[in-house]
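Enquirer: From just these sequences and the hints, can you work out the full model?
As they're listed, the protein sequences go chains A and B. In short: position in the first sequence from 1, add 49, done, that's my numbering. In short: position in the second sequence from 1, add 49, done, that's my numbering.
Take these hints with a grain of salt, some might be off.
Note: identical chains are not told apart, hence a pair may lie in one copy or across any two.
Calculated cross-link-like contacts (lysine-lysine; reagent style BS3-like; alpha-carbon spacing at most 25 angstroms) [stated by the list, open to error]:
# : residue 1 : residue 2
1 : Lys116    : Lys104
2 : Lys73     : Lys147
3 : Lys52     : Lys104
4 : Lys122    : Lys147
5 : Lys147    : Lys104
6 : Lys122    : Lys52
7 : Lys73     : Lys52
8 : Lys116    : Lys73
9 : Lys104    : Lys73
Source of the hints: derived by calculation from the structure; they are not laboratory data.
Number of protein chains: 2
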Amino acid sequence: MEKLAWMNLLYDFYGQLLTQRQQKFVELYYAHDFSLGEIAEQFGVSRQAVHDVLKRAEHILTRYEEKLGLVAKFMDQRRQVGEALALLDNSNNSLDEKTLMRVREILRSIMG
Amino acid sequence: MEKLAWMNLLYDFYGQLLTQRQQKFVELYYAHDFSLGEIAEQFGVSRQAVHDVLKRAEHILTRYEEKLGLVAKFMDQRRQVGEALALLDNSNNSLDEKTLMRVREILRSIMG
Numbered sequence: 050m051e052k053l054a055w056m057n058l059l060y061d062f063y064g065q066l067l068t069q070r071q072q073k074f075v076e077l078y079y080a081h082d083f084s085l086g087e088i089a090e091q092f093g094v095s096r097q098a099v100h101d102v103l104k105r106a107e108h109i110l111t112r113y114e115e116k117l118g119l120v121a122k123f124m125d126q127r128r129q130v131g132e133a134l135a136l137l138d139n140s141n142n143s144l145d146e147k148t149l150m151r152v153r154e155i156l157r158s159i160m161g
Numbered sequence: 050m051e052k053l054a055w056m057n058l059l060y061d062f063y064g065q066l067l068t069q070r071q072q073k074f075v076e077l078y079y080a081h082d083f084s085l086g087e088i089a090e091q092f093g094v095s096r097q098a099v100h101d102v103l104k105r106a107e108h109i110l111t112r113y114e115e116k117l118g119l120v121a122k123f124m125d126q127r128r129q130v131g132e133a134l135a136l137l138d139n140s141n142n143s144l145d146e147k148t149l150m151r152v153r154e155i156l157r158s159i160m161g
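Expert: Right under this line is the structure:
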């Protein structure tokens, strides 16, 4: 996954653990595509200060995922649901028994 | 959900954010059903000390869930997968088109 999408995903999961300022900068930079310079201007700080806040926020978000792995867990579950859905979508109205069994297996493994 | 199951779930998600001692006590008390007295004896501390560590750990885990809501998010997804699975299980080999559509709908909503 490219960094932008990954940071947005990490922020979606752990963003509430950042300070308000970190949250604001991450949102503007990663979700709204502001440049460092634009954020700096809007907040009356230096470009370097924005850069530092973003680096710090990225580090914090990355550390939480290293510790908890909840984004990975979620992505894995999503991948499995996607697989089940693809099997159902591809079989249209002629769902054979084998496919049905496979779909059930996948869903059951998600239920743990 | 009763407290024991809920604490185990919170611990499963956020336990890595606790100190080693907090982790150990929570595991013994909630997952392995040790009493406060048994933990106290094993670690050579007072029953009150064990109680305090557990209360503190519960507070931390609860606060993370209040902030992030990831257990709730996960449980909701699980509930949806369970619903899809029940529809497939109940229809055996005679899966009608309407049920199939509903299952797809559920899975698609999980994919977001």
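Enquirer: Each of the hints needs a verdict: does it hold here or not?
Expert: Hints, verified against the model:
1. Lys116 with Lys104: This pair counts as both: shortest intra-copy Cα distance 18 angstroms, inter-copy 22 angstroms.
2. Lys73 with Lys147: neither (50 angstroms within a copy, 45 angstroms between copies)
3. Lys52 with Lys104: within (13 angstroms within a copy, 39 angstroms between copies)
4. Lys122 with Lys147: neither (27 angstroms within a copy, 31 angstroms between copies)
5. Lys147 with Lys104: Close neither inside one copy (50 angstroms) nor across copies (50 angstroms); limit 25 angstroms.
6. Lys122 with Lys52: both (18 angstroms within a copy, 24 angstroms between copies)
7. Lys73 with Lys52: So Lys73 and Lys52 pass the 25 angstroms test inside one copy only (18 angstroms; across, 36 angstroms).
8. Lys116 with Lys73: Both. Shortest intra-copy (24 angstroms) and inter-copy (17 angstroms) distances satisfy the 25 angstroms Cα cut-off.
9. Lys104 with Lys73: within (13 angstroms within a copy, 33 angstroms between copies)
In summary, the numbered hints that this structure violates are 2, 4, 5.
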